[in-house]
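*Asks:* Going line by line, the protein sequences match chains F and P.
If you use the working numbering, the first sequence corresponds to residues 1 to 119, in order.
If you use the working numbering, the second sequence corresponds to residues 120 to 223, in order.
There's no promise every hint is true.
Unchecked claim - Output of the computed footprint for chain P on chain F, the stretches with three or more beta carbons under 8 Å from beta carbons of chain P: (1) 54-64; (2) 67-75.
Said to hold, decoys possible - EDC-like mimics (lysine to aspartate or glutamate), calculated; alpha carbons at most 20 Å apart, straight line: (3) P:182 with F:24; (4) F:115 with F:33; (5) P:208 with P:170; (6) F:67 with F:24; (7) F:115 with F:21; (8) P:208 with F:33; (9) F:67 with F:50; (10) F:60 with P:170; (11) P:192 with P:156; (12) P:127 with P:156; (13) F:67 with F:91; (14) P:182 with F:35; (15) F:67 with F:82; (16) F:67 with F:96; (17) P:208 with F:24; (18) P:182 with F:33; (19) F:67 with F:92; (20) P:208 with P:128; (21) P:182 with F:50; (22) F:67 with P:170; (23) F:60 with P:133.
Hints listed in this document are in silico derivations from the structure and should not be mistaken for laboratory results.
Since we're looking at a predicted model, the values are computed, not measured.
Where a beta carbon is used, it is the ideal one built from N, C-alpha and C, also for glycine.
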Amino acid sequence: MNPSVCIISTRTPYHGQNAREALDSALVSASYDLDTSLLLMGDGVYQLLDNQLPEQLSRKSLTAMLKALPMYGIETIFVDAESLQERNLTEDQLVEGFTLLEEGALAPFIAQHDKVLNF
Amino acid sequence: MTDLILDKDGYLADLTHWNETVARQLAANHNITLTDEHWQIIHLLRQFYAEFQHAPSQRPFVKYIATHLGKEKGNSLYLMQLFPESPAKLAALIAGLPRPTNCF
Numbered sequence: 001m002n003p004s005v006c007i008i009s010t011r012t013p014y015h016g017q018n019a020r021e022a023l024d025s026a027l028v029s030a031s032y033d034l035d036t037s038l039l040l041m042g043d044g045v046y047q048l049l050d051n052q053l054p055e056q057l058s059r060k061s062l063t064a065m066l067k068a069l070p071m072y073g074i075e076t077i078f079v080d081a082e083s084l085q086e087r088n089l090t091e092d093q094l095v096e097g098f099t100l101l102e103e104g105a106l107a108p109f110i111a112q113h114d115k116v117l118n119f
Numbered sequence: 120m121t122d123l124i125l126d127k128d129g130y131l132a133d134l135t136h137w138n139e140t141v142a143r144q145l146a147a148n149h150n151i152t153l154t155d156e157h158w159q160i161i162h163l164l165r166q167f168y169a170e171f172q173h174a175p176s177q178r179p180f181v182k183y184i185a186t187h188l189g190k191e192k193g194n195s196l197y198l199m200q201l202f203p204e205s206p207a208k209l210a211a212l213i214a215g216l217p218r219p220t221n222c223f
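Input sequences plus hints: build the corresponding full structure.
*Replies:* Given below as structure tokens:
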């Protein structure tokens, strides 16, 4: 069986290339048929905020790339609920297609993967 | 024909220089004469790029084609016939897109 991979993305969408590199890694991993999960936690939860204006930074839209995940067989994005609460963000501010991981579910979720990559 | 500036892998150095004449020239560099079937895939690939902001690897590209044109065209064999050897890379090159980053 192919190993499962959890990619943890912890930076804001346009902080350097971290978010983009995490996403690229997820796309590569999924392209090679690995069972791939993308987990947003810490400042990474900002990546799902709707109505971003990346063109003002001359950057590509991360949201557009996130929307391609189902094409790669990644059907949902996992989001740490506690990170949302700490930042006073609510679910209705986020683009669709995510699964919340409540407190207590996070550690077992990460532990069930064979490999964990942190960005 | 104008002289195109290409990178070391044969991709357009300046993607804004792309047009259909340029595409024909890029295809000719790889011994391909573009047919209606090629153009259909090229335009769909550019649509993918506009929608998702990156050039896809093979699998998502196949899935995208299947969604838009049906399974008869949305399969690897069909793409291999049009863009031999490495369809995702070759189609991106001719379509004036960057090299697919997640495609080796």
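*Asks:* Each hint should be assessed against the structure and marked as holding or not.
*Replies:* Now the hints, each set against the structure:
| no. | hint | verdict |
| --- | --- | --- |
| 1 | 54-64 | holds (count 3) |
| 2 | 67-75 | holds (count 5) |
| 3 | P:182 with F:24 | holds (18 Å) |
| 4 | F:115 with F:33 | holds (14 Å) |
| 5 | P:208 with P:170 | holds (18 Å) |
| 6 | F:67 with F:24 | holds (13 Å) |
| 7 | F:115 with F:21 | holds (17 Å) |
| 8 | P:208 with F:33 | holds (19 Å) |
| 9 | F:67 with F:50 | holds (12 Å) |
| 10 | F:60 with P:170 | holds (11 Å) |
| 11 | P:192 with P:156 | holds (10 Å) |
| 12 | P:127 with P:156 | violated (28 Å) |
| 13 | F:67 with F:91 | holds (17 Å) |
| 14 | P:182 with F:35 | holds (18 Å) |
| 15 | F:67 with F:82 | violated (23 Å) |
| 16 | F:67 with F:96 | holds (9 Å) |
| 17 | P:208 with F:24 | holds (16 Å) |
| 18 | P:182 with F:33 | holds (14 Å) |
| 19 | F:67 with F:92 | holds (17 Å) |
| 20 | P:208 with P:128 | holds (10 Å) |
| 21 | P:182 with F:50 | violated (26 Å) |
| 22 | F:67 with P:170 | holds (9 Å) |
| 23 | F:60 with P:133 | holds (17 Å) |
Comparing the model with each numbered hint stated earlier shows that hints 12, 15 and 21 do not hold.
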